Amino acid sequence: MIINHPLLGPRDASEFTYLGDASLIDRPDWQAENAAEAFYEYGYVRDNPAGEHQELWYHEAGDRSWLVVTRNTLTHEISKVELARDVARARGRSK
Amino acid sequence: MTQTNRLNGGQIDRNTSFSFKFDGRSYSAHPGDTLASALLANDVRLIGRSFKYHRPRGLLTAGSEEPNGMVELRTGALKEPNTRATTIEMFDGLEAKSQNRWPSLKFDALAVNDMFSNFLSAGFYYKTFMWPAAFWEKLYEPMIRRAAGLGSLSQEADPDEYDKGFRHCDLLIIGAGPAGLMAALTAGRAGADVILADEDFTLGGRLNSEAFALGDQSAQDWVAQAVAELSSLPNVRLMPRTTVIGAFDHGVYGAVERTGDHLATLPAGKPRQILWRIYTDKALLCAGATERPIAFENNDRPGIMMASALRTYANRFAATASQRVAIFTNNDDGHRTAADLHAKGVTITAVVDVREDAPTCYDYEVLKGAQVIDTKGRHGLTFVEVALTDGSTRTLECGALGVSGGWNPNVHMTCHQRGRPVWNDALAAFVPGENLPVGLSVAGAANGVMSTHGALQSGAESAANALELTGVLPDLPEAEDAPVSQTPFWYVEGCKRAWVDQQNDVTVKDVKLSYQEGFRSVEHLKRYTTLGMATDQGKTSNITGLAIMAEVTGKSIPEVGTTIFRPPYTPVPIGTFAGRMKGQEFHPTRLTPSHYWAKERGAVFVEVGNWLRAQWFPLPGETHWRQSVDREVRQTRASVGVCDCTTLGKIDVQGTDAAEFLNRIYANGFAKLAVGKTRYGLMLREDGMVMDDGTAARLAEDHFVVTTTTANAVSVYRHMEFARQCLYPDMDVQLISTTEAWAQYAVAGPNSRKLLQKIVDPEFDLSNDAFPFMACGNVTVCGGLRARLFRISFSGELAYEIAVPSRYGDALMQRLMAEGEEFDVTPYGTEALGVMRVEKGHAAGSELNGTTTALNLGLGKMVSKKKDSIGSVLSEREALVEPDVLRLVGIKPLQPEDKVTAGGHLMNPDGPIDAAHDQGYVTSAVYSPILNSNIGLGLVKNGAERLGEKMRLVSPLTDLTVEVELVSAHFVDPEGERLRA
Amino acid sequence: MRYSGFRVIKEALTGHKGWKPVWREPEPKAHYDIIVIGGGGHGLATAHYLSKVYGQRNVAVVEKGWIGGGNVGRNTTIVRSNYMLDGNEPFYEFSMKLWEGLEQDLNYNAMMSQRGIINLFHTDGQRDAYTRRGNAMILNGADAELLDADQVRKEHPYLNFDDARFPIKGGLVQRRAGTARHDAVAWGFARSADLQGVDIIQNCEVTGLRIENGKCLGVETTKGFIGANKVGCAVAGSSGRVMGMAGMRLPIESHVLQAFVSEGLKPVLPSVITFGAGHFYVSQSDKGGLVFGGDLDGYNTYAQRGNLPVVEDVCEGGVALMPMIGRARLLRMWGGVMDMSMDGSPIIDRTPVEGLYFNGGWCYGGFKATPASGHCFAHLLAKDEPHPVATAYRLDRFQTGRMIDEKGVGNQPNLH
Amino acid sequence: MHDLVAITALGGTDPRVDTVGGVTCSEVPGVALASVAARMGQKDKTAASLAKLIDAPAPEIGRWAGTTISAYWAGPDQWMVEAPFDTHEELADQVQTATGNSASVTEQTDGWTRFDLNGDSIPAVLELLCQLDLRKMDPGSAARCSIHHIGCFVLCRAPDSFSIYGPRSSAGSLHHAIVTAMRSAL
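Chains as they are written, first to last, in full-length UniProt numbering: chain A, 1 to 95; chain B, 1 to 981; chain C, 1 to 416; chain D, 1 to 186.
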């Protein structure tokens, strides 16, 4: 597979390390009422879609960027690649 | 040996003669021959034995689709089983052997299977060999295994080298026949970066096998001219002897270049083969088509071959399987073979054409509407029996029969991403379907365009389309443009032992039995009969099998199903995929700065991840590793020892939010750590399990140096980048690994301060008040070299870790040894390190096994509940905080000399010894020369509350039962007075 | 019809006219007591044990394609019970015992071949972990042996002992482990279930689960609605898709595991071998092919195909471990889609939906588990309580913290 | 001045040189390195000070630039600064002074080992080592890649001159890979 790195252009997927669903960005609030339930869902339950999937890849043998890759799990077609940091900010994460 | 079946012409160099051996017998050949063509030229038709019935077999084809003509090539460690004679490029001194026969090719004992074939029908083994049960492994299976298999491995290490490489282009053209060459000319002239790959050692594809002309040139001359032009273009890369094996995601193609297989011996340093990963947005498949057989009784005798193969051997290799040849065809192409062989002086006994309206010929007889119903000749074809239209039969004498059932486009690559070919009635064949790999298009015969003119044209057009070229296409040479004229014909009515898959011995009868027993889908048919599972992957058999199944089910072929193909296109040596990553080079080797020094000292090394670390340093006279390790421990605890701990991960953490960042990463607090201080840090995974531990030293308000365990350095760094970029994107934190930049040594023992005072420059005060336990700072050593000093201890002794730039690490180690002489300093390795940490009760790798929580390890209090940190929430789950969760304890045998076994399980002193009563297990075990006793660490249910209890340590695997006592894990200096001294 | 050597001979002498279809091709009835979704190894085994052990005859197996077309036909055929943790070992040992009697139970030769497995170790840490595991195996009634380097060399002289980057220090052996003919396992269970009256309905894809006020009433399929008192889902690889029809999200990701087979070779490997310093495990089939595999491709996928880097990684491990295979040719590669669970262990449990039961999350363990998985799922479906050896395979174990994590890599499925 | 004697990454006192065909592979210990990463929101300031230091615009993504002191792009808002070791052993301090509190600077001198390839047909060697599209590797380009499972930087100085940076501890394996590829390709 080839991942079109937003900064570096097309790079072989073998340079990357895969983590999983990009929902791992949405770490729950540790002080929330339902923190235990929320962290369980966050840590263990997945949509695991047969189709478009937003997922986290780390450019280990590259520039050490974490990327959010939108990839179809049936065809492996990649429709979008973003810097995870931008996605995290867009999802309201800060410090 | 005279080449009795050598014809005139052909693309062989008659000026040079090679000699080669087959089954020990010497023959001669010429450059340009394959082993197959050379054997035919020498009148050798019998080459191998079939898989199941050990039937005598010869060549069926002239290409990589060959199912029968397989040999063991070369000798000794270079022996290469199952090598297709049709693809072996002749070299002088070549040696090959027939395989899957005993004692000899002509007289094969297991040929008896053929007589009992009726009992060995498809899937018979599923129905028997069940009684008595024990006999399967002892009797039946060894019998089956000995009979099965084809060639044999040498059982020696493969001495050859293989390379891997990476190439990029605008257009990859797969196959250099008329379509491929024309495509390359079109794209090449337009200036595109082109790679043209072909599995053959001579570019040209079918054009090498044909007698007709292109324009005013012979086909071969046109090829030569095209190749010459292409080689002159700097933007075109020609790759003969290169098989494109697979189309992978996003325009990555695997290709195997055989750089050395045609050489008698490899030049030094050169690879036998190269695995190329070719990256391209566009690829054009010009893989041509494969002729398919017709099934009829005894259609597998040596001498019965594809008609197109006979043509190839005659035209390209100037060889024929026999001087008397018959043809059996359902289409016009079969007649072309007859004409070409006739022109070469071969006697055509007759052309048997199933079509009533077959073309007439005045040079030889054409039997229209006739069929071959049986053949004779055990080790080689002698007669074929033909049924004529009027119902009478006739026997033809011939040494070879060319069979043509039409052509199948080579669609394999189009299926590699699970695309399905579609049925084309006009061709009675599958052609590429819709869902091709992105960027791949198909031209020529592979796309069902069967004429030479059509191939040239579609090659040019497809290349132009792929690259979106505008402007006129190159002129095409005049070429034959015959329409496909055939009557679909798969097998002769009423035949039984008519082979569909010749290598796996699958007959028409087997396919029908498969239907009868309910195995009616393609997948079931293949798996039940093994049709198409042989080394040729059904290139010449799948369609026929489908056709027969279609007929018996009364469905159409596409209704029965399609078979899709998987990589690789042809089998690839496993060594080619491995490349250079084998033996000592399997993984990179990481060496510490003191490695060369330690090697001189005679240190014994151990692999730790990719690192090599000194395990212990034997002295003259020490014969057992324990002597060295015990001494290193004693000397260190008594005075001072030095250990290279460079392998620990070191991560520079800077930025105004660095402290808060570490607060989130570690379970314990870091916000208030003072500058110039170090703190032990416990890192949890989000699931609450301990991920790693290490120290964080605060060199400045906004600058920390974090250490990780050797094993987890990479994953911890990744984890920290994840937190930095994905969880806390606005924190002002910068990370970079400095593991390699600093040579770091642990200097441990009561005299460590004294030793360091001789190394560290005098302006730095190392006294206990000025530089207390857990202090850290920048210093200079040996007269001004920048260094970092940390007062931390893994051994439990007064200890420091000192770091200098790696290039000086070797010198510093030697200096420490020299200056330490007066204190009887010793270097110590990972074993002594391990002993001392167990004596001190420090959890390490074997305790941090990914299933232990802070609570398990006795570090529960470290998990701060006052702040948000990764893992704290999930570490609270009910089962992780139950009263009887495993807790870390020390383990002491009642008899000091009794062995403590890591991996042993702990049982209550009385009561059964079984899984249900398991109390825990031993994680680490060492001999403590300080306590003069074996000791260990273990995880025991509610262990913290059970200190003093006696238990049984059992290890049935190693026949061991030992009485032990649970004690505090801190065997040595529990109050920690030494390290604060 | 009973299979036997005599039968084979009789048929051979009478032109094989007597062989009947191995299973019927029935049309679905309107309603069954139990419907098993998935005509793979586990689904068919469930049907076999439901009918033969738990007396449930009014049962249907619905399969979207052809039976045995999923992972039971796409694996590396290894059978073993060499697990470490209490939650696993009793289950896999139960499975091993069922394997040992399978041919006789099914009257079908699945070619279960107990040629043994050896897990090689290359560091002291690995040795200690294998010691703990081997002891756990023995304490659970299984067999295990620990070999040192010399003993390994005696049994496997062709391994790389002289030029190894990570020298072989020994191995953990289970002699009773081995391989079985994977397709035959599916066919044998199917044949047996069919003979007991179970309807095996092929080319019948489940398109929906009919659930009304919290109860599952049956399945919508391409052949129409089929009612049932209980529906069991055994579609590992596609669990996310099918359970998604019930609105359930699972602690599972779908990943592809590639497998490979070499050209046929004369017997050269005596047992199953796994490399401890790289991703490579291998055995030799009765046909002579070296059947081998390694690690997952590592990314979520439902496509039954992988990519080159893993092929290279596996072959690098193979040649590093046994340099003689460098000249053997890789013939065919394929991919199976794995239900990778969050702790690497399976799930056999009820679901929040009444009448809907789940069997999945098999990771790599699926094939060897086939008989026990079927037996335990049948037990759950028939008695509404977990089989004693499968009590740990609960759906809620991640919530309570009762993970069964053999590898200790935590909640990252692609590392298990 | 301290009196400790340095050794090269390959363990010698003198750097290793190998020549195969027309290509020479030289171990280059005489280089000092420092990484510079812009603090949050300080990218432009850092780039500016860096430009002053290397007497050239701060390199863009995938490029290197400079004179006596040069720098190459190493990651988002992050560069690696190179300078002759003899004159700049304490390069990190210089870079820190130059960038002030706008950037985090870390000494990297001995984190890396460097091999320079000089001669014709270097691409024929590199295509056996890394996945980089060498058609795009013009003078001035700098790319991170994996060579035989070792994370490296490849810099194109001139069509017939490349530098490869790899982790110091793996110098032996990296050197072996490079020289093996040279023997195979040339």
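Keep in mind that the hints were calculated from the coordinates and are not lab data.
Just to be clear, a hint being listed does not mean it is correct.
Quick list of in silico lysine-lysine cross-link-like pairs, DSSO-like style, CA-CA up to 30 Å [to be verified]:
| no. | chain 1 | residue 1 | chain 2 | residue 2 |
| --- | --- | --- | --- | --- |
| 1 | C | Lys52 | C | Lys20 |
| 2 | C | Lys407 | B | Lys861 |
| 3 | C | Lys266 | C | Lys52 |
| 4 | C | Lys20 | C | Lys10 |
| 5 | D | Lys43 | B | Lys672 |
| 6 | B | Lys509 | C | Lys52 |
| 7 | A | Lys95 | D | Lys136 |
| 8 | B | Lys865 | B | Lys950 |
| 9 | B | Lys138 | C | Lys223 |
| 10 | C | Lys223 | B | Lys555 |
Each pair of labels, with its calculated beta carbon distance range [said to hold, decoys possible]:
| no. | chain 1 | residue 1 | chain 2 | residue 2 | range |
| --- | --- | --- | --- | --- | --- |
| 11 | B | Glu701 | A | Ala32 | 53 to 63 Å |
| 12 | A | Gly92 | B | Gly433 | 44 to 54 Å |
| 13 | C | Gly15 | B | Gly433 | 53 to 63 Å |
| 14 | A | Ala32 | B | Ala674 | 42 to 52 Å |
| 15 | B | Ala674 | D | Met1 | 51 to 61 Å |
| 16 | B | Gly583 | C | Glu205 | 31 to 41 Å |
| 17 | D | Lys45 | C | Asp162 | 36 to 46 Å |
| 18 | B | Ser231 | D | Met40 | 37 to 47 Å |
| 19 | A | Arg91 | C | His31 | 40 to 50 Å |
| 20 | D | Asn101 | B | Asp868 | 23 to 33 Å |
| 21 | B | Thr4 | D | Pro159 | 35 to 45 Å |
| 22 | B | Pro772 | D | Asp3 | 51 to 61 Å |
On a predicted model such as this, the values are computed, not experimentally measured, just so you know.
Here a beta-carbon is modelled for each residue, glycine too, at the ideal position from N, C-alpha and C.
Hints and how they fare:
no., hint, verdict
1, Lys52(C) / Lys20(C), "holds (21 Å)"
2, Lys407(C) / Lys861(B), "holds (26 Å)"
3, Lys266(C) / Lys52(C), "violated (39 Å)"
4, Lys20(C) / Lys10(C), "holds (14 Å)"
5, Lys43(D) / Lys672(B), "holds (29 Å)"
6, Lys509(B) / Lys52(C), "violated (34 Å)"
7, Lys95(A) / Lys136(D), "violated (39 Å)"
8, Lys865(B) / Lys950(B), "violated (35 Å)"
9, Lys138(B) / Lys223(C), "violated (47 Å)"
10, Lys223(C) / Lys555(B), "holds (21 Å)"
11, Glu701(B) / Ala32(A): 53 to 63 Å, "violated (32 Å)"
12, Gly92(A) / Gly433(B): 44 to 54 Å, "holds (46 Å)"
13, Gly15(C) / Gly433(B): 53 to 63 Å, "violated (40 Å)"
14, Ala32(A) / Ala674(B): 42 to 52 Å, "violated (33 Å)"
15, Ala674(B) / Met1(D): 51 to 61 Å, "violated (33 Å)"
16, Gly583(B) / Glu205(C): 31 to 41 Å, "violated (50 Å)"
17, Lys45(D) / Asp162(C): 36 to 46 Å, "violated (58 Å)"
18, Ser231(B) / Met40(D): 37 to 47 Å, "violated (56 Å)"
19, Arg91(A) / His31(C): 40 to 50 Å, "holds (48 Å)"
20, Asn101(D) / Asp868(B): 23 to 33 Å, "holds (28 Å)"
21, Thr4(B) / Pro159(D): 35 to 45 Å, "violated (57 Å)"
22, Pro772(B) / Asp3(D): 51 to 61 Å, "violated (30 Å)"
Comparing the model with each numbered hint stated earlier shows that hints 3, 6, 7, 8, 9, 11, 13, 14, 15, 16, 17, 18, 21, 22 do not hold.
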